Amino acid sequence: MISVNPKGEVWVFAEQHEGKLEDIGLELLGRARMLGDKLGVSVGAVLIGDEVRGLAEKLCHYGADTVYVLEHPLLEHYQANSYGKVIYELVHKYEPQIMIYGASSCGRDLAPRVASATKAGLTADCTDLQIGDHESKDKVYKNLLLQIRPAFGGNIIATIINYDRWPQMATVREGVMPMPDAIGTRKGKIIVEKVHLTHDELPLEILREHKREKKVNLKASRIVVSGGAGVGSKENFRLIWDLANAMGAAPGATRAAVDLGFIDRDHQVGQTGTTVRPSLYIAVGISGAIQHQAGMSDSQKIIAINNDPQAPIFDIAHYKIVGDLNEIVPKMIKAIKARV
Amino acid sequence: MTYNCVVMIKQVPDTKRITVDAMNDDGTVNRGALPAIFNPEDLNALELALEIKDKFGGKVTAIAMGLPAASAVLREALYRGADDAILVTDRRCAASDTLATSYILSCAVKKLDYDVVLCGRQAIDGDTAQVGPQLAEKLNIPQITYVEELISLENNVITARRNVGNGWQEVKCKLPVLLTVIDEANEPRVSVAKRLMKYKKARTPVEVQMQLKQDNPAANENELKQLAQAKVDQLEEKGLLIKQWDLDYLKADLQWCGRDGSPTKVHRIQSVVLTARESKTIEPSEKGIADMIHELISDKTIS
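As you go down the protein sequences, you meet chains A and B in turn.
With the working numbering applied, the first sequence covers 5 to 344.
With the working numbering applied, the second sequence covers -12 to 290.
Hints in this document: simulated from the structure, not taken from any laboratory.
Hints are not guaranteed to be accurate.
Said to hold, decoys possible - Pairwise CB distance ranges (calculated):
#	chain 1	residue 1	chain 2	residue 2	range
1	B	H281	A	R281	53 to 63 Å
2	B	E282	A	R212	50 to 60 Å
3	A	G252	B	F43	52 to 62 Å
4	A	K338	B	K287	44 to 54 Å
5	A	I187	B	G154	28 to 38 Å
6	A	G252	B	G154	50 to 60 Å
7	B	S290	A	I187	26 to 36 Å
8	A	G265	B	D41	25 to 35 Å
Unchecked claim - Examples of chain B residues toward chain A, derived with CB under 7 Å:
#	residue
9	T2
10	A81
11	A82
12	Q121
13	L126
14	N127
15	N153
16	K159
17	H254
18	S258
19	E273
As the list claims (entries may be wrong) - Below, simulated BS3-like cross-link-like pairs (lysine-lysine); rule was C-alpha separation at most 30 Å, straight line:
#	chain 1	residue 1	chain 2	residue 2
20	B	K252	B	K97
21	A	K24	A	K97
22	A	K42	A	K193
23	A	K198	A	K24
24	B	K287	A	K218
25	B	K159	A	K218
26	B	K161	A	K215
27	B	K238	B	K98
28	B	K225	A	K123
29	B	K230	B	K200
30	B	K230	A	K305
31	B	K252	A	K143
32	A	K218	A	K62
33	A	K24	A	K143
34	B	K159	A	K223
35	A	K123	B	K274
36	A	K219	B	K161
37	A	K305	B	K287
38	B	K46	B	K225
39	B	K274	A	K198
40	A	K219	B	K159
All of these numbers come straight from a predicted model, not from anything done at the bench.
Here a beta-carbon is modelled for each residue, glycine too, at the ideal position from N, C-alpha and C.
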């Protein structure tokens, strides 16, 4: 761990694969910028790989004041041990006060490894990050990172803090923080660090990899039509597809619908799926568990269709339709076709 | 060649079955009001360990950290095929975050002879997926996270396929290693009737003490102690003793345990209060729906 260092920077792990920056790192820079401005400290991006310094400028456009470039042939492919080691060393050298990672498969593999080595705190899957004070019995801790996340299956919202074993670290899922605007004229400092690594720090041998394109791009869709367990069966999920097709929308689903095998996991909206902010979100047969809401409550308009008038989804819906989805959805398709 | 597996299991409240009754007035959750279950992905981790044992031989040891009641999941691990079960329990473990938990678990694992350490990817009460990688770091061994398939295990080298969300990755690694296992990896076997009949009598020392106290309300402390020791010896002889380790036995450094050992602290807990929005109730009639669609087209929500 490092000591409490209120002058320390706010850092973002800028995830890249095969020379391409992941969106999540850029999204996090937007929030890091806000936190850094509030604290009056600069924002750093940590860029790791082999021959990746060409990506540093883009990180400055998205809000980094400083980019720490860690390059080495052995860093070409991500692994927890090698990346963890170089981050550990960098953290001890510069003592940032905050470090944020994407809660991607890579970030969730890496951040706990770093946290354990550093003996620092780490909060997973935050849905919000703010700066605030914490009062305990005899002391007030000023300007801490408030790490806000749903807990206990999403039934409560917990705000977690770490006042003594820094850096304060958190992971955030992709899509939770809005992508900031890039400013092409924005410049920053690029610091290329010396890296020492041996093969001992690469215990894994990567034999084969297979990238799979997502079957649907939920984030880019203006309209999302999602079905929940209430749809009843895979066959009946046809209704969701039909409504989505009629509206030019992307079909989404709750985790329950995915677990029941109604639709592929790529379509899952929510805390452990994709976070969406469409112009219109249509929730069909969805009760509205908080984990699901975490992934769609920022939609501009929400239509909820459910036969249970007490379903929590109605609390956040702009249009409430209580009734049998098997009758309502065909009526909607008909109404849309009549207008177009 | 045989391989010894150690599986980390957790008893968790069944968060899927949460109801209003399980919420306290201040918005916190009353864990006692929820059924306690075997964390689902830990069952997949146990299954993978049992598959390794079936194929190559070796021993499967299950470790759970928690309150004395957590021995229930250890018994379940025994029913399904684990050879040995250890409960790590100590009041000083209370309020441990993932870092402190992984430290305490590492102290327990270090006492064992292991080749493969297995964890479920994450537990449903926190969904953090942090203890696996943190435990690997504390043991100073590599980790293979999100294992969906064990491809081979020979000459102390493991090959496994990881599910990395947008695809998969096959990796090879020398033992010892820590694996975190996902639910797609396998279909956990059910309890074996013969094992269930045998191990339903398995107990931890603390369970033995509690039972004796209940059965002999008149007995004094000393008598109870003697009775308990005799019963524990008897269980051990029959292979029915669930080992119980505390922090003294683990020689754990207390500064890294429990609340003191946990850098993350709770600042605030809020029950989920849904903000009511300005909303319209639409009649589920053709006209009601057509009017709504018309409104959405005219305000350009639908183009």
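Non-conforming hints, listed in increasing numerical order: 1, 4, 6, 10, 11, 13, 14, 28, 30, 33, 34, 35, 36, 39
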